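Each chain, written out:
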Amino acid sequence: MRVMQPRPALPPGRLEEKFDDKKPRYDAAEAVAEANRCLYCSDAPCIAACPTGIDIPTFIHKIATGNTKGAARTILSANILGASCAQACPVEVLCAGACVYNLWGREPIQIGRLQRFAVETTLEKAPRLFQPNPRTGKKIALVGSGPASIAAAGLLALEGHTCVIFERKELPGGLNTLGIAPYKMKGPDAIRELEWILSLGDIELRTGVEVVGGRASGPRQISAEELISQYDAVFLGLGLGADSKIGIEGEDGPGVWGAVDLIERIKAQPGFALGGVKRAVVVGGGNTALDIAHELSLLGVEVDMVYRRSEAEMSGYRHELDGARKDGVRLIENRQPVAVLRDEAGKVTGVRVQRTEGGRPLPGTDEVISADLVAVAIGQNRATQVALAFPGVQLDAKGRVVVDPKTHRTGNPKVWSGGDCVNGGKEVVNAAAEARTAVRDIVAALSGRP
Amino acid sequence: MADLSIDFCGVRSPNPFWLASAPPTNTGDQIMRAFDAGWGGAVWKTLGNPIVNVSSRFGGVDYGNTRLMGLNNIELITDRPLEVNLREMRLVKKRYPKHTVIASLMVETKEEWREIIHKVEDAGADLLELNFGCPHGMCERGMGSAVGNEPRVLQEIASWAVEFAKTPVIVKLTPNVGDITEPGEAVVRSGAPAASLINTVKSIVGVDLDTFVPLPKVGNASTNGGYCGPAVKPIALHLLSQLARHPECSKLTLSGIGGISNWRDAAEFIALGATSVQVCTAVMHYGYRIVEDMIEGLNDYLDEKGMRSVSELRGRAVPQYKEWGELDLSYRVVADIDERTCIGCQLCYVACMDGGHQCIHLPGRSEEEARRAGHTHLPREIPDRVVTAKAGTPGARVPFVDDDECIGCNLCALVCPVPGTISMKQVPSDRPPGETWNDRVTKGTDFVPGGLDVTAAVRAKKAPKQA
Ligand SMILES: Cc1cc2nc3c(=O)[nH]c(=O)nc-3n(C[C@H](O)[C@H](O)[C@H](O)COP(=O)(O)OP(=O)(O)OC[C@H]3O[C@@H](n4cnc5c(N)ncnc54)[C@H](O)[C@@H]3O)c2cc1C
Ligand SMILES: Cc1cc2nc3c(=O)[nH]c(=O)nc-3n(C[C@H](O)[C@H](O)[C@H](O)COP(=O)(O)O)c2cc1C
Ligand code: SF4
Ligand code: SF4
Ligand code: SF4
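First to last, the sequence lines map onto chains A and R.
The working numbering applies: residue 46 is where the first sequence begins, and numbers increase by one.
The working numbering applies: residue 926 is where the second sequence begins, and numbers increase by one.
There may be inaccurate statements among the hints.
[What the hints assert, rightly or not] Here are the simulated lysine-lysine pairs, DSSO-like style, with alpha carbons at most 30 Å apart:
#1 R/1176 <-> R/1127
#2 A/229 <-> A/184
#3 R/1230 <-> A/170
#4 A/68 <-> A/229
#5 A/471 <-> A/290
#6 R/1350 <-> A/170
It is worth saying that the hints were derived from the structure and are not from the lab.
Here the structure is a predicted model, which is why all the values come from computation and not from measurement.
Construct the entire structure; sequences and hints are all you get.
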């Protein structure tokens, strides 16, 4: 590992430190007890439900026999981001949701918590679990340092390739560091995993450097053209862009936040405080909306979630809604915000909403929900414009980078891509799976060249 | 990466993990799939003159939520024609020349032994295993454990095999004997270089209380079967170590069998003297795939202990297996409850009250209440401790141990549902350091007063100074 500049750590004094872990790491006795509950199914449905196909019964069996290190090997060789996935994955809709115990009306196996136990305890004691292949001399540039690029860099480095990661922010890790709800995983956990990946082989991380389409101006930028000409391959892990806006009266100004922006501050900005906010309105019905609502609620704010359609149509997960409700979040369905209300001083006082039917507002049904903070979580813009600077790379109508799903190669034979910028915004585990697909193809392509 | 390969009587095997002769080694196809999964060797399902089997055949013993803690079977040796088995054995050896194929054999007459040994060696068997252990069906015909039970017969048949065989002979022993060293010595006398143990333990797994037919049921009757699986591991470990520490039998190369389910079990058998280990029930329960964890777990364990090969582990625990009279009487432990992890179930309390020495106490009781509950001795002091248990009502339910009265039996630690919560701490004792019972016998201080008058009178004459 070569470190060009010291990587910024997460200083203390962050709001996220106030959150308790909802699923703390098991101790050994707890892990073995839970592991012994697993039936060690044959052709287990939990494996099929994991986007990276971790051999779950095998790793759980290994925990039960005391072979924790082997369990970590099984996990990480299928999913190099096994550590953060253990905490971030919505297991209720993935592996644990497919556990056969559900069919018997019994608690599914706590797969995420077992995974966390195995990976964390192993890497603390034996971080050198994998040995990289001898250096190949090939260089790959990775744009962005989110889960997609980090996973790809780790796997490429194990193959012996040299990796350089360009991240425009000062803090690396993408949404893994800046977005995951702090009661699931905190920033330092993501950074620790990232440091481990960097230690796997020859990986350089350049933070504060943006890849741009046109000419680079200054040391904090580098052009797409330069990457294409100086590297053997490029991986685009661009993620998504800034929060979308609703476009209503009163939206601009203090007190109205984009949800992802607000979450980033809660997680990473030392000294950031809500400053006496008592009531908040969260706009949206997806998982980001549920996350920010849940986080604000746990910080003692009274939260109303306003969603345009009915509860049944929400894209956010049922289990996340249940969890948020348990912690005090109230859902107001079939309402559309039409204006943010402010007093003379410009301070937010509430949100005017209209009832909706089938998502469409009904005139004359206005209501006011009082609030002193509004968080808008109706989606994120695309950050994929820069991809077009790589000749041959295409975006689809929704602004997603177009790849061949079998190889994750773009229209440019030297450019691959994966993660949110390709799938439009899924989970960390999908980024890891797509990165692995891309790496297989990159490795094959590079070995085929002189 | 430690070297897991072994040398078994001159035959090299890629690792010590072998499948025991049983349904998992019934066919060549199965054995090849097992080798693909990582097994180093396979003892073919016992060959002989084909037999007829019954249905059903197995019975299981569950304990709480754990299925198949023990397995019982009334299956006989292979029911497939010898020629088919031999053809498949030849193919297996051709495709997997580095893996170890052991032919398990059971026939009756000297001529039968001569013919079958010739045939399996011709098919490529690396080693022979004489099944003198099957405790059901075959023994009634004078084979299996009927042979293993009779050291003289065992010696005679085994020496025929040694005479006819070009490959090394392993004698598989039955645990259904009073003293395993008797058949063990007979193996040594026969000239066979190796023994494997254990075969199954005679058993009846249960009774159907509606029909009064023992289990497993065959029509309206049943018979005794052979018991195996995790439940028999302690029996197997003991019998194995009896041979491993016997001056003559320890010269045999040993293959350990009985209840082995994971790398840890395997490591224990090896530490007590086994060169290879054999597995049946765990594979019948979970499949060949369990070997991955066995290989990886043993490897990591050896690496962690700084042992470069599995042979460095072999027999490491044998010298520490002593007679009772050689144990240190001054060693003393007492139970210690960790209030940080105790969940307040009080199983330790009830176990010690009714099955121990009444030295675990509940907090918050007056002396009066403690006596009424059945305590005859009260602790000198009552610890004052803050309880932080995750699940418990703080303080109120965490028991404490009276160190002075605790005899260090381990019972509470064994019943505690949260591993690690009760640990046994070594404390000083008032007995002479290092003294054993045998020392006392030598010194003549082995009389413990408080017994029978007759005994006391005899002792008083022998050792008048003794109190
Ligand atoms: C609020 C929120 C909560 C979430 N919670 C979960 C969860 O609980 N569990 C889960 O599995 N998933 C969750 N997700 C989704 C998950 O975070 C993403 O799927 C995952 O981070 C995608 O990884 P990525 O690498 O594709 O993109 P990102 O994590 O977005 O990383 C992209 C990186 O690229 C950088 N970048 C972009 N363009 C450039 C450029 N031109 N030059 C240099 N750098 C650039 C960005 O700064 C960023 O650091 C959540 C997402 C959000 C928004
Ligand atoms: C169904 C069944 C059939 C068996 N058949 C044989 C056999 O044919 N020959 C033999 O030597 N042992 C036989 N055994 C005994 C096993 O080889 C082994 O010695 C015993 O099961 C102990 O090992 P385990 O606890 O791993 O099962 C059989 C065991 C079972 C359960
Ligand atoms: S489905 Fe459930 S019980 Fe079966 S292997 Fe997976 S986690 Fe274990
Ligand atoms: S395990 Fe297979 S052979 Fe045995 S009873 Fe069940 S179905 Fe039949
Ligand atoms: S058995 Fe263990 S958990 Fe239960 S009360 Fe005793 S120490 Fe506590």
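Evaluated hints:
1. R/1176 <-> R/1127: Between residue 1176 of chain R and residue 1127 of chain R the Cα gap is close to 28 Å, so the pair holds against 30 Å.
2. A/229 <-> A/184: 35 Å, violated
3. R/1230 <-> A/170: 15 Å, holds
4. A/68 <-> A/229: 7 Å, holds
5. A/471 <-> A/290: 20 Å, holds
6. R/1350 <-> A/170: 26 Å, holds
Figure legend: structure checked against the earlier numbered hints; the only hint not met is number 2.
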